[in-house]
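Sequences listed follow chains A and B, in order.
Letter by letter, the first sequence follows residues 4 to 338 in this note's numbering.
Letter by letter, the second sequence follows residues 4 to 338 in this note's numbering.
A couple of the hints might just be wrong.
Because identical chains cannot be distinguished in the list, a pair is counted as satisfied if it fits within a single copy or across any two copies.
[As the list claims (entries may be wrong)] Pairs of lysine-lysine residues, derived as BS3-like cross-links and limited to a Cα-Cα distance of at most 27 Å, are as follows: (1) 95 x 115; (2) 59 x 229; (3) 244 x 234; (4) 59 x 187; (5) 119 x 303; (6) 151 x 283; (7) 158 x 132; (8) 229 x 244; (9) 151 x 187; (10) 229 x 187; (11) 229 x 309.
Quick caveat, the hints were computed from the structure, so don't treat them as lab data.
Number of protein chains: 2
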Amino acid sequence: MKPKKEQLLMTLRMFLCSLMLMSVTQAEDLLPSWAETAPKQAILDFVARVSEPNGKDFVPEQDRLAVFDNDGTLWPECPMPFQIAYVIDEVKRLATEQPELVKDPMIKAALKGDFKALFAGEKHDGFMKIMALTHSGMSSDEFSRRVKSWFATAKYPPLGTSYGEAKYQPMQEVFDLLRSEGFKIAIVSGGGADFMRQFSQDVYDIEPEWVLGSSADVVFELQNNKPTFMKQATGLYINDKVGKSVRIYQQLGRRPIACFGNSDGDQSMLEYTTIDNPYKSLGVIIHHTDGQRECQYDVKPPFSGKLITALEEAPKWGWVVVDMKNDWEKVFSKK
Amino acid sequence: MKPKKEQLLMTLRMFLCSLMLMSVTQAEDLLPSWAETAPKQAILDFVARVSEPNGKDFVPEQDRLAVFDNDGTLWPECPMPFQIAYVIDEVKRLATEQPELVKDPMIKAALKGDFKALFAGEKHDGFMKIMALTHSGMSSDEFSRRVKSWFATAKYPPLGTSYGEAKYQPMQEVFDLLRSEGFKIAIVSGGGADFMRQFSQDVYDIEPEWVLGSSADVVFELQNNKPTFMKQATGLYINDKVGKSVRIYQQLGRRPIACFGNSDGDQSMLEYTTIDNPYKSLGVIIHHTDGQRECQYDVKPPFSGKLITALEEAPKWGWVVVDMKNDWEKVFSKK
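Work out the full structure: start from the sequences and follow the hints.
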């Protein structure tokens with residue numbers, strides 16, 4: 004009978020269709036490196052809610068701003084932040100070019116990796132000296148060339164990969180998830196904006212205007228009819244703690260609805276993002292609990308990234324704490 | 004014969020097709036308020052060249068950044084910049100609320116519109132006083148409420164329209180043209196970023212992160228568990244002259260390929276955009292030549308917008324000078 008045949012065909016079609024839909028659903032796990040634990044569900048749930056046009060938590064696409072700390076949140080900060088590794092490598096390079104530099108005890112300390120000497124004193128004179136040496140007194144173009152050249156060849160010792168390849172795979176998946184729902188993504192880091200912008204596009208697919216970081220004065224001038232920005236050691240803006248919230252306000256003029264950080268330095272922007280926000284919001288703390296695959300620290304970090312008060316405040320404000328050891332099935336994409 | 008009939012049909016089709024293409028071409032005049040003079044052709048030619056994937060002047064979409072001055076470029080700055088009109092109106096409003104304010108001679112001067120008194124002295128103490136009164140000592144939310152309330156009701160005296168409706172129609176068409184080719188558009192103004200962000204979305208369809216302007220310190224704090232930015236009178240950054248180039252570099256981290264301005268205050272960003280740029284670039288100066296429809300000034304502006312050196316340098320660097328009287332068929336959309 005014809006109707007029966009049609010019914011059969013329809014059933015077959017629906018079966019095939021459901022198979023297809025299932026495979027689509029499976030393919031749509033946008034956080035495959037995350038364990039099936041609470042943080043993954045919290046992130047997926049948040050993104051689904053703010054993106055559902057008919058839901059009570061819907062946020063218009065243009066207001067979907069997510070901010071991310073960089074060191075310790077998007078890639079490691081142990082044994083030291085990558086920008087510090089650059090500074091040390093750059094001092095070594097400069098010392099071979101200009102041997103007279105080595106007479107300076109602080110240059111000597113840098114060459115030996117003696118951070119105790121570099122950070123001695125209230126103003127950390129030694130550290131400020133090598134920062135000035137490697138970050139000022141040159142044009143922005145020259146700085147760009149130096150950083151790009153270093154970044155292209157230097158290796159991250161614990162992994163033996165390039166520094167760019169040391170980024171955390173789970174966080175890249177969060178980027179993809181957010182982008183699939185039209186989020187704007189900004190990096191808000193204590194690292195230098197000028198430094199990060201040399202690789203943010205290649206490593207994170209983030210354009211320079213979405214990279215907020217520490218900065219210092221630049222002087223604009225025409226040098227032989229060439230527009231030039233000369234980098235200065237003055238006017239230092241440390242993009243950390245409340246400085247992060249202030250910079251988000253001043254530079255982006257818009258309140259984030261999601262914030263990912265890993266240290267007390269991110270607490271202010273976690274507060275700005277999540278407390279009394281008329282929109283549904285999400286705060287996430289990456290807790291470095293995995294000494295085997297990465298580094299284990301909070302109260303006493305190897306270099307930077309102290310996490311005490313933000314962790315204490317997390318339950319009060321509903322911040323999601325990611326236990327790297329248990330909540331990330333994979334840490335690095337290249338390992 | 005069949006082949007002949009097919010040939011005929013093909014000819015008919017091609018004819019209809021060319022008619023359709025013609026109408027599309029005509030409908031695609033994206034600068035209808037511009038006279039058929041050199042500036043319109045220069046702008047159209049530039050946009051076409053940088054957007055043509057096979058052309059020698061092609062610029063990848065993500066690098067297509069255009070920067071615009073605001074006052075005198077996107078809307079009038081005569082008889083005074085709109086932000087100054089806000090300051091005067093706001094002083095009047097505050098003086099009725101707090102009559103003791105009127106004892107101050109500088110408040111008195113503001114109420115009388117005595118700009119000579121306000122700008123007396125090297126540091127323009129009077130003007131700085133009323134700026135501080137109207138732009139600091141309050142939260143960013145309170146400032147936002149005040150500006151939005153003023154902007155919704157105040158009228159621009161020469162036109163009798165709202166201030167937003169006083170924008171230049173030809174420049175809106177430039178926005179549309181650039182957007183149709185994926186340009187990023189930033190406002191880089193001497194006006195306050197906080198001030199402009201209250202209306203940039205509604206008036207210009209420009210999101211807050213693309214509004215660069217003057218700024219002052221803000222202090223972030225939790226007030227009764229409410230994240231609050233308190234606006235300060237300290238740390239003033241005047242986004243003018245070289246300050247504009249510096250802010251573009253610091254905030255956007257990317258060199259513009261097009262720049263529109265109208266005064267010597269824009270000369271630095273015109274230079275940064277057009278001189279020795281590896282990409283094809285465009286510099287445009289809006290010259291206020293139309294005393295009948297708008298205001299006529301350059302060397303002696305009614306308030307701000309002095310144009311002397313940038314006009315002198317224009318031929319040397321190939322900057323396009325727009326003669327408002329002759330090159331704009333329409334000035335305001337609402338008139």
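List of violated hint numbers, smallest to largest:
Violated: none.
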